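Colleague: Going down the list, the protein sequences come from chains A and B. First residue of the first sequence: 683, per my numbering; consecutive thereafter. First residue of the second sequence: 3, per my numbering; consecutive thereafter.
It should be emphasised that the hints constitute simulated quantities derived from the structure, not laboratory data. Mixed in with the good hints there might be a few duds.
[Unchecked claim] Far from chain A, by Cβ distances over 10 Å, these chain B residues were calculated: (1) Q13; (2) V72; (3) L84; (4) G144; (5) V160.
[What the hints assert, rightly or not] One side of the interface only, derived from the structure: several residues of chain B facing chain A at Cβ under 8 Å: (6) L103; (7) I106; (8) A108; (9) I110; (10) A112; (11) L278; (12) L282; (13) P289.
[Claimed, not checked] Once the Cα atoms are required to be at most 16 Å apart in a straight line, the calculated EDC-like pairs of lysine to aspartate or glutamate come out as: (14) A/K791 / A/E878; (15) B/K196 / B/E43; (16) B/K126 / B/D226; (17) B/K126 / B/E224; (18) B/K126 / A/E964; (19) B/K273 / A/E814; (20) B/K273 / A/E815; (21) A/K843 / A/D716; (22) B/K126 / A/E965; (23) B/K196 / B/D183; (24) B/K126 / A/E967.
Keep in mind that this is a model prediction, so the values were computed, not measured. C-beta: ideal position from N, C-alpha, C; glycine also.
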Amino acid sequence: MLRIRKLPIIIFALFIIVFPLVSRLIPAIQNYPDLMIFAGIYSLITIGLSLLMGYAGQISLGQAAFYGIGAYVSAILTATYGLNPWFCMVIGMIVAAIVAVLVGVPSLKLKGHYLAMATLAFGIIVFIIFNEEVEWTGGPDGMSGIPGLSLFGFAFDSVEKYYYLVWFFVFSVFVFTINVIQSRTGRALRAIHSSEAASSAMGINVSRFKVVVFVYSAILASLAGSLYAYYLNFINPSTFDLFFSIKLLIMIALGGMHDIWGAIIGAFLITFLSFEWLHFFEEFEVIVYGVILLLVIIFLPQGMVGIPKILKGLFNKKVSNG
Amino acid sequence: MPMEKITFANQLLQYLITGLTVGSTYAMVAIGFNIIYNVTEIINLAQGEFVMLGGLVMVFLHVAAGLPIVLAFPLTVIIVTLVGMLLDRLAIRPIRQPSVLTLIIATIAASIIIKGIAMFIWGKDPFDLPAFSGRHPIHFLGAVIQPQYFWIIGFLIVIVIFLTLFFEKTIIGKAMSACADNPGAASLVGINVKRMILLSFALSAAIGAVAGITITPISLMEYDRGAMLAIKGFGAVVLGGLGSFPGAILGGLILGTIESFGAGLIHSGYKDAFALIVLLGALFLRPSGLLGSIEVSKFKRF
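I would like the entire structure built from these sequences, with the hints used as guidance.
Modeller: Laid out in structure tokens, this is it:
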């Protein structure tokens, strides 16, 4: 996907802007803007993860840890020390970036399953820290009293206001990331995915690029974590467990990991599945997730974004046969 | 003798014994990883689910259905082995473009499906299994040894002897080793590689089941223990060197011991973190492991 067309982005942006106004009129979907705040927060993480997995070909099973770092840094600095939430958001991103460098530099030298297992172990360690450092994090009970966000006296204190704030962030990140993909950096990343040896022979500094993308994905996850904490005003460790990292993986795989649109589609689908459509299954929804993931990997390796291509292929076949 | 004074040395001995026992379980998980890895180069993240299933199926057959141990034990191993074979047929073989990414995702998918089904069948509570020869502890230099410890270590030894004979003396075992060395060449000399892959999943599920059956009387078992067992088993694999069987045993025992000492001496809340920190340390400092070789790893596809 070298060229990313502008029209779909504009249509999508219009949809996001108009949606809350429409949903207000239809009782059945009145709560959807609230869900779409979560879809937006997850999109921030999956955009970074898509760049890391789909474009750079690296697996991270510890992305929930960076999401948690953003949330906890913001929560601790605002609720306990009373600092400015925006400032804390930036501090969270800096902390996540530093941690990502420390974990990423040695892990990204490893290939394939080693990296997956290193990030998996890292994610679980961070999760244990959230649970055990009770003095700082409140332990398994979590932290409350996290303030909301406001700017120059304007408080983002309703679902709709927060909705526009989150989606402003998502679009900024989306457009920035698309520019990265279409730049030299993006071409370098795709080269690394195809062949590390060949790209390093072409003069691409493979390990530096991989670390940079890993750090970028960590910063986005941290930003998402801060937005989550300021929206709910309460956090606890179970939000940032191993299963959330797996859920992110399902979002990427379901949406399609080789296309940045896949990140957003996947985040949307999984948000609505888990908050709205899978209620019937209650906690057995994990089975459904597992089945979805397996079916996608076997039958739809390109994810949802690959469907138009498959349909086109079927159509062309029919035309040529007939 | 409850009044006897427990010295620090007694305590250390206790940690060592507990660590070696738990480590034996990690070693069994690690052997399971290696069997599948050696034939397919897949890291099967559902490996821990075999252990969980082993424990819970045994609880069902022995405690709920009342079958005697001598019957329930082999039956449990057979059931979990079938699950392992299903895993290969339903999750691994259908993948058309295998890569590290897709294979890891497939085993993750399988592992959450197995976990979810286990939660559906057994619920969320942990289950106990009677120890094979009672729970009268043996006192040794001030440390307490559960009789079950001997069963766990004993089964590890039995598995090692069985696998050594299997891979060195039988035609099938040799065929499996050939697939590990070079699947293309193996199929040229008439080895059915697909069948060998199926067999590797069966064998590794069986060993996982034994690990689960033997550890449950000590640590109980519930539906969501698989992931942590898998990652600790993988820690043992990395510590010993991916693909190396002596390495898996050494790695498992070291990991169990570090975990036991860490939990006892430093902070019990971080019990699970110690093994993971060892895993990260091993990956960062010596990814080829204690007994693995860098030269061999260069010939691997993934």
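Colleague: Please name the hints from earlier in the document that this structure breaks, with their numbers sorted from lowest to highest.
Modeller: none
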